[in-house]
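Colleague: Just so you know, we're using my numbering here: the sequence shown kicks off at 1 and counts up by one.
In short, the hints are calculated from the structure, not lab data. Quantities reported herein were computed from a predicted structural model and do not represent experimental measurements. Please note: incorrect hints may appear among the correct ones.
What the hints assert, rightly or not - Simulated DEER-style distance windows between Cβ atoms:
#: 1; residue 1: S52; residue 2: A86; range: 29 to 37 Å
#: 2; residue 1: S38; residue 2: L102; range: 48 to 56 Å
#: 3; residue 1: I94; residue 2: F27; range: 53 to 61 Å
#: 4; residue 1: I60; residue 2: I110; range: 26 to 34 Å
#: 5; residue 1: W100; residue 2: Q25; range: 54 to 62 Å
Cβ atoms here follow ideal geometry from the backbone N, Cα and C, with glycine treated the same way.
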Amino acid sequence: MMSEIAQTTEQEQTPFSNLINIYQQWFENWLKLAELESQYAFSCIIKVLILSLIAALLLISGWGLLLACVISLGYLLGISLAWMLAIAALCHLILAFALWRLARGYLARITLERSAQALFNHPMRQQEADNERG
Numbered sequence: 001m002m003s004e005i006a007q008t009t010e011q012e013q014t015p016f017s018n019l020i021n022i023y024q025q026w027f028e029n030w031l032k033l034a035e036l037e038s039q040y041a042f043s044c045i046i047k048v049l050i051l052s053l054i055a056a057l058l059l060i061s062g063w064g065l066l067l068a069c070v071i072s073l074g075y076l077l078g079i080s081l082a083w084m085l086a087i088a089a090l091c092h093l094i095l096a097f098a099l100w101r102l103a104r105g106y107l108a109r110i111t112l113e114r115s116a117q118a119l120f121n122h123p124m125r126q127q128e129a130d131n132e133r134g
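Assemble the whole structure, with the sequences as input and the hints as a guide.
Modeller: Right, here's the structure in full:
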């Protein structure tokens, strides 16, 4: 009885069903590959984040040691410790302000115009923008 059922199911497979099975297997393999690649990408992102944090900590500690060296050298040369600390603080404030202005300038230039056009699907406006730029 079981062998008859197996024979009838084998006979019922057509080339079309074989094609469907092939594409189904391909799609399952593709999904597995996408899952593995996303897991790999996530682990790489975590590793990069951890290494970046370690590099930032080393950079900050190195900067602190360099600043302490310059201040102690100035103190040994006879410059008041209060003046050396004030000069170092002023240099840090000026540098922080300059970096803040630079970052603000970069943020002002971000418009995401093309993404918004693609999202709202306005091909005429995109073509007009391309004509204006090119």
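Colleague: Could you run down the list of hints and mark each one as holding or not?
Modeller: Now for the hints, and whether the structure bears them out:
| no. | hint | result |
| --- | --- | --- |
| 1 | S52 to A86: 29 to 37 Å | holds, 32 Å |
| 2 | S38 to L102: 48 to 56 Å | violated, 34 Å |
| 3 | I94 to F27: 53 to 61 Å | holds, 59 Å |
| 4 | I60 to I110: 26 to 34 Å | holds, 28 Å |
| 5 | W100 to Q25: 54 to 62 Å | holds, 56 Å |
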